[in-house]
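**Student:** Okay, here's what each chain looks like letter by letter:
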Amino acid sequence: MINDIRVGALIAYCSVKRGNKKTLIFIVFVLSLIFLNLVFLPSMIGGLSGLFTGFMRDYPYGDIVIEPTGDNTYINNADLVLKKVRAVEGVRAATKRLDAGASINHKQKVVGATITGLLPTEEYDISRYPYIINEGDFLGELSRDEIIIGAMIAGTGFGAEIYDNLGEVRPGALVDVTYSNGVKRTYKVKGIMTGSIEVVDLNALVNYKEIEDVYGLEGKEATSIVVRVNKEGTEAQIQDKIREAGVNEEIFTWADKSEALIKQAMQSMGAIDIMSKIVSLIVGAALVLIIIYINVLNRKKEIGILKAVGITPRSIVLSYAFLSTFYVCLGISAGLILYLSLMLYFQMNPVTFYETMEISPTIDPMLLIQSIATMLTLSVIAGILPAWSVSKESILKAIWGR
Amino acid sequence: MIIVKDLKRYYGTGDMTVKALKGVSFEINKGEFVAIMGASGSGKTTLLRILALLDDATDGEYTIRGLEVSSLPEAERSYYRLTQVGYVFQDYALINEMSAAENVYILSMMEGKSKKESYTTALEALAKVGLEGKHDRIPDELSGGEKQRVAIARAIAKKPDILFADEPCANLDTVNSKQVLDVFKELNEKYGQTIVMVTHELWHTDYVHRVITFQDGSILSDEKKTKGQ
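Protein chains in written order, with this note's numbering: chain A, 1 to 402; chain B, 1 to 229.
Think of the hints as simulated: they come from the structure by calculation, not from any bench. Treat the hints loosely; a few may be bogus.
Each computed BS3-like pair below joins lysine-lysine, with the alpha-carbon atoms no more than 27 angstroms apart [stated by the list, open to error]:
1) K21/A x K159/B
2) K22/B x K397/A
3) K8/B x K397/A
4) K113/B x K301/A
5) K301/A x K190/B
6) K17/A x K116/B
7) K8/B x K392/A
8) K17/A x K113/B
Just need the whole structure built from these sequences, with the hints factored in.
**Tutor:** So this is what it looks like as structure tokens:
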């Protein structure tokens, strides 16, 4: 076997060293495109998925979110839960929120929305809400008669034609809010927030105390407790630690939540991604096979000669396995250069999606490893099959075609 | 050394059967230089290919040094071709992407020798056929005679028991043909190499000990030559 490998390597080496360089460049170019085809679309979809996940972490769920158990509307001992959570090692910040359904009215225009009551000063460490006010200002600790309205509700941002809105409400305008329990309040619009996603731009924010007051709560309730951790990737460990600290509510990491929420949104893209991968693989496999097969056919006589002088069929087959692996390695390298160049370009010039969202593709090392492994496996099969088939032919047929 | 008994080779079936060899028998002794002659289609190349285990006989026996080689399985035939037999093709049959040395030493590597040892053996074989200093050249950079001498070097580097040559001078001019035949003669006289050569040139028989002439798949004559004949 060692001799077969040595001789196979020598044949492959000579073939590369003195073979037609133009053919080599063409093969490598085609293989690089096959590789690019395998990794590019999934990277774009990964970027889209990452964008949605980022939104979920930056706004409604943080790194970890604690919600009421079972049919309960509220976490009833929210302050105690908060105290336990903040004491857990690895937790950077935590806050409580109260969500309520309401309708907002401005000059005969009415829209339905979720209004989130939050503690404004704590939100600076928790979410990006304070940083996405593009008109006016964020809420203050003492804000009670003020409201932040999402740009899509206000009618000032993208989506005004799609969703019902209040007709270009600006900071300083007064809006009437009717909560789900029938309580009516009038608020002055303090700011307009633009998060570039519906979960933000179709919502409104008020002070936590305001919701508490409207629903007659006692200062201990929350619909969610949002937690941020010190180190990314430790969410699952901290989720366990929070449980161990005696928190008996439902505890989810952002990944748990995203899986459920984004799954649906990403299902269509995921299907396209899978189909694209399958088609790419089939096309890739066929191309690699065709390229190597043509190469083998062109060298049929050579294979016959090698057999005639005593080179074993195994050495010949191995030489083609080495050769195709070499082609594919070069193809992958060239494909990686193309891919990384494209990634760099799209990092600097993100694709605008839905007019407001900018998608930059993500580089997923696992995807790259999988694609490289797939291409290498294909290359070995594509190299071995045709060479094996030709090496089984009689010497006379291989050399003289009879 | 070589014993051939009632060797037959038929192509096709039924009325379309072509009888390339109709049952030939002969013996070749060690150290003999034999020419096989005959018109085109007489069966000489078919015989040589069977003797070199490149083709199978339809029937008959063929032994080398007492070993029945015609019935060996393919793996053993491959090993036999590698270690016991040298074959020189009419059209050189060199690998174009390999240098002269690589064309020769690949066989030594296949036998399990180290690269260094194989390379040294290849250089010695190339020197033996008068190609010193041309070991790095690829076939396209060599003349027809030089290519054929590389093919001979490849065949003799492994020191085979028998060297088969199928019209080795067919594509060469007289000068190059003489060079090739001189190499064969030297191998035969100096190293006792057994050589079986197919040829259709009468003047080539000046170099051999014995001439077997074929006609229509059968042996027409088998003559030993005496010096000066």
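**Student:** So if I understand the rule, the pair passes when the alpha-carbon distance is 27 angstroms or less; does K8/B with K392/A pass?
**Tutor:** Since the Cα atoms of K8/B and K392/A sit roughly 24 angstroms apart, the hinted pair holds (cutoff 27 angstroms).
**Student:** Quickly compare the C-alpha distance for K17/A and K113/B to 27 angstroms and report which way the hint goes.
**Tutor:** holds (23 angstroms)
**Student:** Is it true that the CA of K17/A sits at most 27 angstroms from the CA of K116/B?
**Tutor:** Holds - the C-alpha atoms of K116/B and K17/A are around 20 angstroms apart, at most 27 angstroms.
**Student:** Between K8/B and K397/A, does the CA-CA distance stay at or below 27 angstroms?
**Tutor:** Judged against 27 angstroms, a Cα distance of about 20 angstroms means the pair holds.
**Student:** Just to be careful, I want the Cα atoms of K22/B and K397/A compared with a cutoff of 27 angstroms; is the pair within it?
**Tutor:** holds (22 angstroms)
**Student:** Can you confirm whether the C-alpha distance between K21/A and K159/B stays at or below 27 angstroms?
**Tutor:** With Cα atoms ~36 angstroms apart, K21/A and K159/B exceed 27 angstroms; violated.
**Student:** Holds or violated: are the alpha carbons of K301/A and K190/B at most 27 angstroms from each other?
**Tutor:** Outside the cut-off at roughly 34 angstroms; violated.
**Student:** With the threshold set at 27 angstroms, check whether the alpha-carbon distance from K113/B to K301/A stays at or below it.
**Tutor:** holds (26 angstroms)
In this structure, the earlier hints numbered 1, 5 are contradicted, and the remaining ones agree with it.
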